[in-house]
Amino acid sequence: MLKVNNVTKSFGDVTALDHVTFEVGDGELFGVIGQNGAGKSTLFRCIMDFYSKYDGEITYNDKKFSKLALEKIGFLPEERSLDPKRKVEDQIRYFAKLNKMKFLSDTKLKEWFDYFEIDGKLSSKIKELSKGNQQKVQLLCSLIYKPEFVILDEPFSGLDPYNIRLLQSIIKDINKEGTTIMFSSHNMENVESLCNKLIMLKKGKIVLNGSPSEIRNSYERKKLIVESDKDLFFLNDENIEILSQDGNMWTFILKDEDYAKVIFRKIVDEIGFVPYFDQSPPSLNEIFARKVKENV
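Residue numbering for the sequence shown follows our numbering, starting at 30 and increasing by one per position.
I should point out that these hints are in silico values taken from the structure, not numbers from a laboratory. Computed from a prediction, not measured in an experiment: that's the story for all the values here. Take the hints with a grain of salt, since some may be wrong.
Below, simulated DSSO-like cross-link-like pairs (lysine-lysine); rule was C-alpha separation at most 30 Å, straight line [stated by the list, open to error]:
1. K234 <-> K259
2. K93 <-> K232
3. K82 <-> K150
4. K82 <-> K284
5. K156 <-> K129
6. K232 <-> K259
7. K154 <-> K114
8. K205 <-> K322
9. K295 <-> K284
10. K32 <-> K320
11. K156 <-> K32
12. K139 <-> K129
13. K92 <-> K234
14. K150 <-> K234
15. K139 <-> K93
16. K137 <-> K232
17. K32 <-> K139
18. K320 <-> K251
19. K295 <-> K101
20. K82 <-> K116
21. K116 <-> K32
22. K205 <-> K252
23. K114 <-> K82
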């Protein structure tokens with residue numbers, strides 16, 4: 030288990046992390062979200078013991094990261110670090126050996142290469158690959174020696190939707206095999222579809238902490254979406270803050286979430302059946318936007 034306890038890190042007059050406390054349980058898929066400059070990369074660098082000084086304590090299974098065996102930890106930095114002049118195979122084998130992987134057969138290497146669907150050859154130089162394929166090679170290098178704990182800083186950056194889904198699937202597979210994974214992303218859909226738990230950082234402070242469902246369900250369900258080819262403006266009254274239409278989709282922002290029951294009865298009485306009536310909690314994306322606007 031990773032324990033981050035009351036960690037504060039400053040650079041001169043700038044406080045990048047401000048009394049940050051949370052835990053990542055064994056086998057979890059843990060997300061870290063926040064705007065640029067919120068403290069995500071600084072947090073990861075503190076965890077990886079890249080900074081010699083910070084206040085607070087960080088331990089993994091009650092040990093400092095500097096005391097852990099190198100092969101237990103995987104790290105994908107936000108700044109990519111592949112040697113453009115090296116062949117893909119040489120680069121992968123270098124990181125595997127660096128992390129004390131004793132033997133990597135040609136067959137196993139090819140299996141991993143194909144698993145990541147890298148468009149190129151093992152004999153290609155890194156610079157001959159597209160940026161997206163270089164990104165996949167770097168992620169492969171972080172995982173091939175099968176560490177038990179992995180930090181991925183913006184692993185989906187620069188990837189197209191197909192490759193994002195591919196890497197999401199790979200990350201889930203690795204996690205199911207027992208690897209604890211901690212990652213950051215600007216895309217709330219990535220976070221919501223992947224992680225068991227998450228934190229949101231804002232100006233170095235934690236402003237959200239919990240599972241996606243716990244966080245979403247902590248907000249009132251004031252947004253109501255109804256599909257109807259009939260005019261629903263007759264429902265507008267003082268209990269509705271906003272009523273908007275986009276084709277057959279109608280969006281209501283309610284002053285009180287319980288008023289949705291009244292709207293439902295009015296629709297049934299006036300129209301009868303509607304194919305879609307949804308009163309879900311706000312999405313992570315909507316919550317993220319709200320938190321960005323709030324004062325810490």
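Cross-check of the supplied hints:
1. For the hint pairing K234 with K259, the CA-to-CA distance comes to about 47 Å; that exceeds 30 Å, so the pair is violated.
2. The straight-line distance between the Cα atoms of K93 and K232 is roughly 26 Å, inside the 30 Å bound, and the hint therefore holds.
3. Taking the CA atoms of K82 and K150, the gap is about 42 Å. The hint is violated against a cut of 30 Å.
4. For the given pair, K82 sits about 48 Å from K284 by alpha-carbon distance, which is inconsistent with the 30 Å threshold.
5. A hinted pair counts as satisfied when its Cα atoms are at most 30 Å apart, and K156 with K129 qualifies at roughly 26 Å.
6. Among the hinted pairs, K232 with K259 is inconsistent with the structure: their alpha-carbon atoms are about 46 Å apart, more than 30 Å.
7. As the CA atoms of K154 and K114 are separated by approximately 6 Å, the hinted pair is consistent with the 30 Å bound.
8. Distance check on the hinted pair: K205 and K322 sit about 36 Å apart at the alpha-carbon level, beyond 30 Å; violated.
9. For the proposed pair K295 and K284, the alpha carbon gap of about 17 Å is at most 30 Å, so the pair holds.
10. Proposed proximity of K32 and K320 is supported: the alpha carbons are some 25 Å apart, at most 30 Å.
11. Among the hinted pairs, K156 with K32 is inconsistent with the structure: their alpha-carbon atoms are about 38 Å apart, more than 30 Å.
12. Distance restraint check for K139 and K129: the Cα-Cα separation of roughly 19 Å lies within the 30 Å cut-off, and the hinted pair is therefore satisfied.
13. At most 30 Å may separate the alpha-carbon atoms for a hinted pair to count; K92 and K234 meet this at roughly 24 Å.
14. As the CA atoms of K150 and K234 are separated by approximately 44 Å, the hinted pair breaks the 30 Å bound.
15. Of the supplied pair hints, the one linking K139 and K93 is violated, its CA atoms being roughly 35 Å apart against a limit of 30 Å.
16. Restraint check for K137 and K232: the C-alpha separation of about 43 Å exceeds 30 Å, so the hint is violated.
17. Of the pairs offered as hints, the one joining K32 and K139 is violated, with about 36 Å between alpha carbons and a cut-off of 30 Å exceeded.
18. About 17 Å separates the Cα atoms of K320 and K251, which keeps this hinted pair within 30 Å; it holds.
19. For the proposed pair K295 and K101, the alpha carbon gap of about 60 Å is over 30 Å, so the pair is violated.
20. With a CA separation close to 37 Å, the supplied pair K82 and K116 exceeds the 30 Å bound.
21. Our distance criterion of 30 Å between C-alpha atoms is broken by K116 and K32, whose separation comes to about 38 Å.
22. In summary, the hint linking K205 to K252 is not supported, as the alpha carbons are separated by about 35 Å, beyond the 30 Å threshold.
23. Straight-line distance between C-alpha atoms of K114 and K82 comes to about 35 Å, which puts the hinted pair past the 30 Å bound.
Hint check: violations occur at hints 1, 3, 4, 6, 8, 11, 14, 15, 16, 17, 19, 20, 21, 22 and 23; the rest are consistent with the structure.
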